[in-house]
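Could you build all of it, start to finish, from the sequences and the hints given here?
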Amino acid sequence: MTPPAPHDPDDRANKPIHHARHMRIICTGAGASGLLLAYKIQRSFRNYTLTIYDKNSDVAGTWVENRYPGCACDVPSHSYTYSFWPHRYDDATGSGPSRVYAGSDEIKGYFKGFAEAWGLGKSSAIQVLPAIQPHVKSLTTFIRSPTWIAPPIGSSGQREYTEEEKHVFKTQPGALLRHRKEIEDGMNKYFAVFQKNSAEQSASRAALTTSMRAALSTRPDLAAALIPDWSVGCRRFTPGPGYLESLCAPNVTAVLPSPPPNTGDVTAITPSGTGVITAAGTTHPGPFDALICATGFNTSFRPRFPLVNGATGRDLRSEWAPPNDARGYLATAAAGFPNYVTIFGPASPTGNGPVLGALEAQADYVCALLDRFQTEPVASFAPKAAAVDDFNDWLDAFMGRMSTAGE
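The letter at position 227 of the sequence shown is residue 227 when you use our numbering, and the numbering goes up by one with no holes.
Wrong hints could be hidden among the right ones.
Straight-line distance between alpha carbons at most 27 Å, and here's what the computed DSSO-like set of lysine-lysine pairs gives [stated by the list, open to error]:
hint	residue 1	residue 2
1	K55	K112
2	K181	K170
3	K166	K181
What the hints contain is simulated information worked out from the structure, not anything from laboratory work.
Printed below as a string of structure tokens:
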């Protein structure tokens, strides 16, 4: 941390020790992370101003933007919550999820209910295909790469909650807590799957290969193209009920991935607007009545806006642009960018469970940092480059033992 300038506008030398000076905090984004940070700050601090900016007109982040057919979370709904704010089956703060895997509308409702209760507000193709396949005359899907299609994680699968179950969740908090813990326990048991060369990794790979081959038994060509040759967990595996079966339907044409130039990678739309062109230069003229861009999410960790150190002129977007790696400290800060913190930054631990638990740990760390900033004579803070290097050296050594390092 950098000591204050000789001229101290806060006159801290004449203030009581640990005097909480006024803080001005800007938060970019009103999704799960932004709402969580607002809640933590509201409960932990006084004498501050918090302004949250979001490009959308409503809270809930990605769950505002994603409304495609079949959109849902791939984590059981009663685990995809803040630990301190379970789903509530009442009209005041939300009706609670109707299914084991909640749809996007119910998840958006959870975050909106949370924001209202606390006064804070004012792998998509795998979900889309089985949702629309029964309702269209013909469908062509372009597949850029193989992926492991997994059974439901941490639960027995998708189903509707019965009215009796909802009543129990509403009236018996202990029963709801046990249900949440059972789901969490089921997901945590998957951790050994992510360890390279472990017995659990081998067993999981064999089981997923068998289940995918069974689902694609009528189309061995699809099985050969879509079953990955890399470890389970190298990329986040995806629960996709009905996806593989939909690929085998007679009204579906699958354009499969290939070595570069990739025949399954769409790079352009034809001038007519009714066809597409792939990286291999192949034109699929259609005509298609609708083009659905199920292209996933940007996971580069690069800021979506200019983030510039005024003293040095360095822009974090350039610092973390390829071929450079996004290198932060504990997923919360970057060297050379003072008074800037991130939640869910590089190296966030979310491989084998819901992201919200990791967000809570990071928000607590940020609040501890803000407490020191508010009550001690500090003008700015940022991790030292050596600390960032040490952390990433440790991280690389640890991840080398995990399936995410590939084979």
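Here is how each hint holds up against the structure:
1. K55 / K112: Answer holds: K55 to K112 is near 16 Å, not above 27 Å.
2. K181 / K170: Between K181 and K170 the Cα gap is close to 17 Å, so the pair holds against 27 Å.
3. K166 / K181: holds, 17 Å
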